[in-house]
Amino acid sequence: MHYDLVEKLKKEIAGFRDEPALEAVGTVVETGDGIAKISGLSRAQSQELLKIETASSEVFALAFNLEEHFIGAVILGVAEAIKIGDRVRGTGNVLSIPVGKELLGRVVDPLGEPLDGKGAIFKDNGEAERYPLEKKAPSVVARESVNTPLHTGIKAIDAMIPIGRGQRELIIGDRQTGKTSIALDTILNQKNEENRPICIYVAIGQKQSKVARIAKILEEQGALKYTIIVSASASSPASLQYLAPSAGCAIGEYFMDHGKDALVIYDDLSKHADAYRELSLLLRRPPGREAYPGDIFYLHSRLLERAAKLNKENGGGSLTALPIIETKLGDISAYIPTNVISITDGQIYLESNLFYKGVRPALNVGLSVSRVGSAAQTKAIKKVAGRLRLELAQFRELEAFVQFASDLDDATKQKIHRGQILTEVLKQADLVPLRFTDEAVILYVALAGYLDDVPTQRIKDFERELLDYIEKMYDDAIFGAISKSRTLDDATEATLKKAVEEFKRIFNNGHRTSSWTSDVQN
Amino acid sequence: MKYTPEIYARAVREAIDEAPVGERDKVFKRFVQAVARKGDARKLPAVVRELERSDVHAKGGRMVTIEFARTLGHETSEFKSFLKPEDHLENRVNPDLVAGVRITIDEERELDFSLARRLNKMFR
Chain Z
1 MHYDLVEKLK KEIAGFRDEP ALEAVGTVVE TGDGIAKISG LSRAQSQELL
51 KIETASSEVF ALAFNLEEHF IGAVILGVAE AIKIGDRVRG TGNVLSIPVG
101 KELLGRVVDP LGEPLDGKGA IFKDNGEAER YPLEKKAPSV VARESVNTPL
151 HTGIKAIDAM IPIGRGQREL IIGDRQTGKT SIALDTILNQ KNEENRPICI
201 YVAIGQKQSK VARIAKILEE QGALKYTIIV SASASSPASL QYLAPSAGCA
251 IGEYFMDHGK DALVIYDDLS KHADAYRELS LLLRRPPGRE AYPGDIFYLH
301 SRLLERAAKL NKENGGGSLT ALPIIETKLG DISAYIPTNV ISITDGQIYL
351 ESNLFYKGVR PALNVGLSVS RVGSAAQTKA IKKVAGRLRL ELAQFRELEA
401 FVQFASDLDD ATKQKIHRGQ ILTEVLKQAD LVPLRFTDEA VILYVALAGY
451 LDDVPTQRIK DFERELLDYI EKMYDDAIFG AISKSRTLDD ATEATLKKAV
501 EEFKRIFNNG HRTSSWTSDV QN
Chain G
1 MKYTPEIYAR AVREAIDEAP VGERDKVFKR FVQAVARKGD ARKLPAVVRE
51 LERSDVHAKG GRMVTIEFAR TLGHETSEFK SFLKPEDHLE NRVNPDLVAG
101 VRITIDEERE LDFSLARRLN KMFR
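Here the protein sequences come in this chain order: Z and G. According to UniProt numbering, the first sequence is numbered sequentially starting from 1. According to UniProt numbering, the second sequence is numbered sequentially starting from 1.
Heads up, a few of these hints could be off.
As the list claims (entries may be wrong) - Think about it this way: if two alpha-carbon atoms lie no more than 25 Å apart in a straight line, the pair counts; the simulated DSS-like pairs of lysine-lysine are:
1) K11/Z <-> K121/G
2) K51/Z <-> K121/G
3) K191/Z <-> K427/Z
4) K121/G <-> K8/Z
5) K136/Z <-> K260/Z
Keep in mind that the hints were calculated from the coordinates and are not lab data.
Construct the complete structure from the given sequences, taking the supplied hints into account.
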């Protein structure tokens with residue numbers, strides 16, 4: 001053993017070549033709070049990666065502020081090791097992250113280092129392809145319109161706020177309203193997709209326990225194999241929290257550039273803005289509204305602009321972004337929420353009131369919108385859900401009269417009843433996303449009036465048993481046909497009507513479909 | 001507003017240049033008092049260094065620092081023959097170098113012949 005080590009060292013020493021040359025250097029003149037002020041290195045580039053040589057190790061820093069006499073740098077490692085007088089060298093490179101399919105199923109930090117204890121990600125880290133964290137967004141000519149749906153598996157979203165691949169859809173709401181659940185369901189639902197996108201979940205300033213829980217859920221549900229988690233937890237320095245979304249985006253861009261579809265979730269950009277504010281104030285940049293620096297809009301716009309649907313000439317890949325913003329007391333007119341609303345192609349607005357009323361997902365249909373997704377919506381869902389928004393809007397207008405229902409005319413009563421049914425149908429537990437074929441069937445049944453005589457408290461049973469019945473009796477004729485043609489043609493619609501009528505007779509007679517179908521099979 | 005040593009150096013230089021020759025010592029004394037009043041007395045060595053540097057640069061010279069791992073005798077003077085007369089040479093002892101020498105020019109460029117650097121390069 002000792003002999004091997006000695007021989008290895010001897011070889012290294014024999015092969016060691018060192019030619020000292022005149023090198024540009026700087027010196028740390030001030031350090032604290034994760035920031036270092038460096039003199040010298042007058043030719044450093046903005047965003048250049050710098051190497052600080054401390055007594056015990058090398059610590060990397062990012063050139064952030066290039067001033068007349070100093071560089072304000074953000075420390076990316078152990079800041080405590082840095083002392084005044086330490087040497088600093090430029091690397092000539094901007095910050096980049098190793099990328100590749102080896103990242104799938106892993107939890108990494110924004111610098112690409114593994115956090116999941118599963119060992120090295122790349123066999124040879126030096127040979128892994130690297131993508132810069134800051135990259136110019138694809139140009140206008142490289143893009144095409146959003147035309148492929150990204151199913152979330154959540155009925156209310158896929159029906160009324162459809163998301164397309166390459167779109168940027170904001171998920172916004174107060175704390176504990178189910179923002180992360182929507183993102184998580186979307187990742188889980190990709191398991192059912194034929195052309196499955198690679199999912200990247202970026203946790204910014206989240207509790208480590210939450211990240212661990214998400215990783216566990218994804219693993220248990222078999223979704224981790226196509227997911228990458230980039231985590232800069234609440235205990236990470238502000239610098240890493242600031243870099244996390246760019247790292248997630250760079251990983252997504254790698255897959256997009258290779259012609260694949262990728263989905264990146266930024267959870268959440270409010271904490272990202274806070275981290276950037278902290279760094280900016282420490283670097284003495286002038287504070288603006290709510291003490292955020294003047295370029296906070298540009299920070300988020302250049303990040304989200306990197307989401308794109310590339311045209312065929314550029315590989316046809318896409319990067320869909322689902323940024324999350326946490327509001328305070330439902331105030332969507334605060335600085336960061338309004339910024340991100342204006343940058344994205346729509347928003348999913350979640351409300352605490354609805355959440356506590358038991359409407360989950362707590363989607364405010366009136367304030368939620370998808371500006372480009374309808375072009376990508378699956379025809380089957382578009383056909384069945386066309387009237388959904390209108391009927392719900394009518395219900396909301398009449399909702400206030402529910403308590404005086406006995407004084408209302410029959411038409412109004414019918415509209416209120418239909419609204420209550422639709423609200424019940426759109427309720428969905430988390431971690432159980434539905435296939436788009438299931439969504440199309442359920443929405444068809446609800447909007448065609450088949451649920452009008454079903455008691456509200458039995459709607460969930462009806463839904464579950466109907467899907468079970470169709471899967472057992474008409475799988476190919478209904479689910480198979482919708483899945484293949486992606487639309488609900490006349491023949492399939494006729495079969496579906498027949499199946500629903502059959503099922504209703506059984507359901508109304510009080511039989512459970514499972515016992516009925518087993519009778520038939522026997 | 002925080003005053004950097006560069007700003008202090010520039011201000012005192014201009015004040016001294018504008019003052020009559022006999023008054024210059026007094027101007028410098030008042031400057032030191034003003035800096036102390038602002039609570040920046042710890043910046044005075046850096047201000048002096050900045051003044052030195054601007055003087056040397058104005059004459060077309062460079063600030064050259066040579067670090068040795070241990071105290072040397074007359075050998076240090078041999079380095080002067082490599083420099084221009086306008087250059088400012090400072091010798092320092094830095095045991096962290098382990099052995100060898102490190103030359104820094106204008107705190108911006110460095111030629112490192114130290115053993116510490118070689119060891120770091122080999123084993124880090």
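Legend entry - Distance restraint between K11/Z and K121/G, which requires alpha-carbon spacing of 25 Å or less: Satisfied, since the Cα-Cα distance of roughly 15 Å is no more than 25 Å.
Legend entry - Pair hint K191/Z and K427/Z, alpha-carbon separation not exceeding 25 Å: holds (21 Å)
Legend entry - Pairwise hint evaluation, K121/G against K51/Z, where the allowed Cα distance is 25 Å at most: holds (13 Å)
Legend entry - Agreement of K121/G and K8/Z with the hint, judged by alpha carbon distance not exceeding 25 Å: holds (16 Å)
Inset, instruction - Take the C-alpha atoms of K136/Z and K260/Z, compute the straight-line distance between them, and say whether it is at most 25 Å. - result: holds (19 Å)
Hint compliance for this structure: no hint is broken.
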